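Number of protein chains: 2
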Amino acid sequence: MIRFYNAKIMTMDGGTQITEGELWTDGALISYIGETPAELPVFEREIDVHGNLLMPSFKNAHTHSAMSFLRSFAEDVPLQTWLFEKVFPYEDRLTPEDVYAFDRLSILEYLASGMTAAFDMYFFPESSAAAFTECGMRLVFCGSINGTAADVDRLNDQFQKFRHYHPLVNYRLGFHAEYTSDESLHRGVAALAQAEHEPVYTHISETKKEHEECIARHGASPAQYFESIGLWEYGGGGFHGVWFDEKDRAVYQRNGLWFVSCPCSNAKLASGIAPLKECFAEGVNLALGTDGPASNNALDMFREMYLGAVLQKLRHNDAAAIPAAEMLRAATVGSARAMGLTDCDVLAPGKQADLIVVDLHAANMQPAHHIPESLVLSGDRMNVRMTMCAGKILYLNGEYLIGVSPEEILRDTQARIVRLTD
Amino acid sequence: MIRFYNAKIMTMDGGTQITEGELWTDGALISYIGETPAELPVFEREIDVHGNLLMPSFKNAHTHSAMSFLRSFAEDVPLQTWLFEKVFPYEDRLTPEDVYAFDRLSILEYLASGMTAAFDMYFFPESSAAAFTECGMRLVFCGSINGTAADVDRLNDQFQKFRHYHPLVNYRLGFHAEYTSDESLHRGVAALAQAEHEPVYTHISETKKEHEECIARHGASPAQYFESIGLWEYGGGGFHGVWFDEKDRAVYQRNGLWFVSCPCSNAKLASGIAPLKECFAEGVNLALGTDGPASNNALDMFREMYLGAVLQKLRHNDAAAIPAAEMLRAATVGSARAMGLTDCDVLAPGKQADLIVVDLHAANMQPAHHIPESLVLSGDRMNVRMTMCAGKILYLNGEYLIGVSPEEILRDTQARIVRLTD
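In the order they appear, the protein sequences are chains L and E. Sequential numbering of the first sequence, starting at 2, is according to the numbering used here. Sequential numbering of the second sequence, starting at 2, is according to the numbering used here.
In short, the hints are calculated from the structure, not lab data. Note that the structure is predicted; figures quoted are calculated from it, not measured. Hints should not be assumed to be uniformly reliable.
Note that the list lumps identical chains together, so a pair holds whenever it fits in one copy or between two copies.
To be verified - Subject to a maximum C-alpha distance of 25 Å in a straight line, what follows is the list of computed SDA-like cross-link-like pairs (lysine to any residue): (1) 209 with 185; (2) 9 with 408; (3) 209 with 274; (4) 87 with 419; (5) 248 with 419; (6) 162 with 247; (7) 87 with 226; (8) 278 with 208; (9) 9 with 362; (10) 209 with 7; (11) 162 with 75; (12) 248 with 229; (13) 209 with 392; (14) 9 with 423; (15) 9 with 162; (16) 9 with 407; (17) 210 with 317; (18) 9 with 30; (19) 278 with 74; (20) 87 with 317; (21) 162 with 319; (22) 9 with 75; (23) 87 with 19; (24) 87 with 362; (25) 210 with 316.
Sequences are here, hints too, so could you generate the full structure?
Rendered as structure tokens:
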């Protein structure tokens, strides 16, 4: 059992109210939250939080972790050039060992930014499962097939293999996007989802071009077309949704789908500003993701929350467009639930102990008039003092406790970068 | 003499090329940059930079440092409500001792973010001069009078007092804004600037309302009106410029004025997105500022560079809208020159030793395909390992060397916040 005491605690179970007290963990679980009782059990470790904040960890609801090998490789170039000249040809060179190495590089950044779970779409799932479980971090695979109905078997194989693979690993059905697959694939995935009673996820309406071409092909936007073929009978969601209109949002609202926004990626690639204010007002479920490190370029949920909030102000010419606290909710509870991680979404006894300590005494967090707003508008991953996943401390005061040193991870990646990008 | 060796060095003297070698300081100045010579002098300190980056420090070309007391006090409210209900009434309560205390709080954040100079507009200049000089950081006051010609004497008094006040302190002529003063003040400041051969600075075209009301009052935008009355005969510049059109930019271009952009403040207050792409294309001098901590809410030049870059991509629907490296130049060389700090703008022998060490081995900075772009698109103040101003190390590996502990500064501010904001 680990005891955190002298803490401000924001459970996110409900709103963003903050209480003072302590939190205990027992194995992977939270066992107690409350005031200091008269009698204390014996703990294996007791941590004085010094009045700092205990809160649920961030969950990254959309990423391609191993794309860290292309971070800063090609900047300030148009999207099509970037994808077809600077991404795809280089991804072809990747080996399973490369994915393992570059996943670990991203895990360093996730943990330092207070993230304990990644909803990952990429190649070589065995490599990613090894990297994440060895480091102690959660991984939810999102299926990323493209092509035709013939590819659905591969999705099902991966789903059956990874859905009960490890306590830290899970799998959700998904495919890359409407524009990289045909109707037979979409209907095949819908049939699989219905048979398995499973949600489905995909890239959706990220660019105007893609959104409009789907309308030309199917007579409906991606969201409306997918609903019409029964893809979302058991829920799910989509990544980006930049070009959603009110009918698309209504599809999400009535199906309880997750709108996973990636503000930094949409900004860097000039895809646009997603309608988060409208989603919030209409009761659409919001989550946040970083997207891959080559299209962001940071893996930093503080920056996603910040950009998510301020871009709505600019888009609507209204400083009050969306409450900052809504971004905090999306980055924690929302993202966890979007990935199906309902056992580590909030802080409560019986839940998985996936939590962070945020330094409230750093200059940028003072004065602490309104802590939730400060986390979004002035918070910084520099303020993350501790990251715990499933009851294990993985990052503490700048040190990693993941069984491998950052130096070794960097050495491993640096040798590979020369081969991959020369 | 201090020796930094085993460094990557980006002098910013010209472009953003990076060399490997060492840099020495002697007192406040840089005395050597180059390869390791055959014979070395005796140093008082030798610092192994471990292959990390030595570069010019950031300079904050627009701020109101002591407004840190209102950080996170009122969020997600419209601009007018914010200013008139949540800022002005509380500023009236400030004492000189409060300004000293909240300046020191902001100095903690400046130094941790790699900033060594602030171009500050606020009340009680003696308090600010004390706070900055005691901590070893540069302060350039910007005159902030408002009202009528009768107020120009006060500006002149402050200018004469603070222009040669201390090696770390300087003063530039300025006034708050066109909309908070009348033509007699503008003409009075112009006459003073001409008599003293000095540049002039002011808030300008921050909001659409202010920009259009000036046109209604004077038949010209602020930039064009000020040029017509001879305000900028010896240069200067303006803060924000969000609503500038091509004629306004031409005024800046032909007078060599500084366009000081504050992207984060303009976003939080929904003022708009400044035309940085156009300024860059037309040869207008660019600098960056954080604005005050209540309208940002962070004092973080990494975030300003990032937002400055990505908002141009969104505004122009073009991922190649502005080179990321241009934001790096604005935040360092540009901001220094905007404030008149031409002796600490770049790294070169004979220049003031105002420089920082950036950790290139942190996960978010790897791989280092293109370092200038990484600094802007994935860099983070977490990566600042050292901040030196005038040859003195003020911040090193998370520790402050400023003669006062962060704990003491926090204690001092916390007692005041209760009185100021209850």
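Hint by hint, here is what the structure shows:
1. For a Cα distance limit of 25 Å, the shortest separation of residue 209 from residue 185 inside one copy, 24 Å, qualifies, whereas the shortest one across copies, 51 Å, does not.
2. Taking the shortest Cα distances, residue 9 and residue 408 sit within 25 Å of each other only across copies (19 Å), while inside one copy they are farther apart (34 Å).
3. Proximity of residue 209 to residue 274 under the C-alpha cut-off of 25 Å is found in both arrangements, the shortest distances being 11 Å within a copy and 21 Å between copies.
4. Taking CA atoms no more than 25 Å apart as the test, residue 87 paired with residue 419 passes inside one copy only; the shortest distance there is 15 Å, against 54 Å between copies.
5. With identical chains, the CA atoms of residue 248 and residue 419 are never at most 25 Å apart, being 47 Å at best within one copy and 48 Å at best between copies.
6. When the C-alpha separation of residue 162 and residue 247 is checked against a cutoff of 25 Å, the pair qualifies neither within a copy, at 38 Å, nor between copies, at 60 Å.
7. In this assembly of identical chains, residue 87 and residue 226 lie within 25 Å of each other by CA distance neither inside one copy nor across copies; the values are 31 Å within and 48 Å between.
8. Taking CA atoms no more than 25 Å apart as the test, residue 278 paired with residue 208 passes in both settings, with 19 Å inside one copy and 22 Å between copies.
9. Proximity of residue 9 and residue 362 under a CA criterion of 25 Å is satisfied intra-copy only: 12 Å inside one chain copy versus 33 Å between copies.
10. In the homo-oligomer, the alpha carbons of residue 209 and residue 7 never lie at most 25 Å apart, since the shortest distance is 50 Å inside one protomer and 48 Å across protomers.
11. Taking the shortest alpha-carbon separations for residue 162 and residue 75, neither the intra-copy value of 36 Å nor the inter-copy value of 50 Å comes in at or below 25 Å.
12. Taking the shortest alpha-carbon separations for residue 248 and residue 229, only the intra-copy value of 13 Å comes in at or below 25 Å, while the best inter-copy value is 52 Å.
13. With identical chains, the CA atoms of residue 209 and residue 392 are never at most 25 Å apart, being 43 Å at best within one copy and 52 Å at best between copies.
14. For the homomeric pair residue 9 and residue 423, the shortest alpha-carbon distance between copies (21 Å) is at most 25 Å, but the shortest distance inside one copy (49 Å) is not.
15. Neither within a single protomer nor between protomers do residue 9 and residue 162 lie at most 25 Å apart by alpha-carbon distance, with minima of 41 Å and 47 Å respectively.
16. When the C-alpha separation of residue 9 and residue 407 is checked against a cutoff of 25 Å, the pair qualifies only between copies, where the shortest distance is 21 Å, while the shortest distance within a copy is 30 Å.
17. Both within a single protomer and between protomers do residue 210 and residue 317 lie at most 25 Å apart by alpha-carbon distance, with minima of 23 Å and 16 Å respectively.
18. Taking CA atoms no more than 25 Å apart as the test, residue 9 paired with residue 30 passes inside one copy only; the shortest distance there is 19 Å, against 46 Å between copies.
19. With identical chains, the CA atoms of residue 278 and residue 74 are at most 25 Å apart between copies only, with a shortest distance of 22 Å across copies and 33 Å within one.
20. Proximity of residue 87 to residue 317 under the C-alpha cut-off of 25 Å is restricted to the inter-copy arrangement: shortest distance 22 Å between copies versus 34 Å within a copy.
21. Within a single copy, residue 162 and residue 319 get their C-alpha atoms no closer than 48 Å, and across copies no closer than 41 Å, so neither meets the 25 Å cut-off.
22. For the homomeric pair residue 9 and residue 75, the shortest alpha-carbon distance between copies (21 Å) is at most 25 Å, but the shortest distance inside one copy (43 Å) is not.
23. Proximity of residue 87 and residue 19 under a CA criterion of 25 Å is satisfied inter-copy only: 23 Å between copies versus 46 Å inside one chain copy.
24. Proximity of residue 87 and residue 362 under a CA criterion of 25 Å is satisfied inter-copy only: 23 Å between copies versus 42 Å inside one chain copy.
25. In this assembly of identical chains, residue 210 and residue 316 lie within 25 Å of each other by CA distance both inside one copy and across copies; the values are 20 Å within and 17 Å between.
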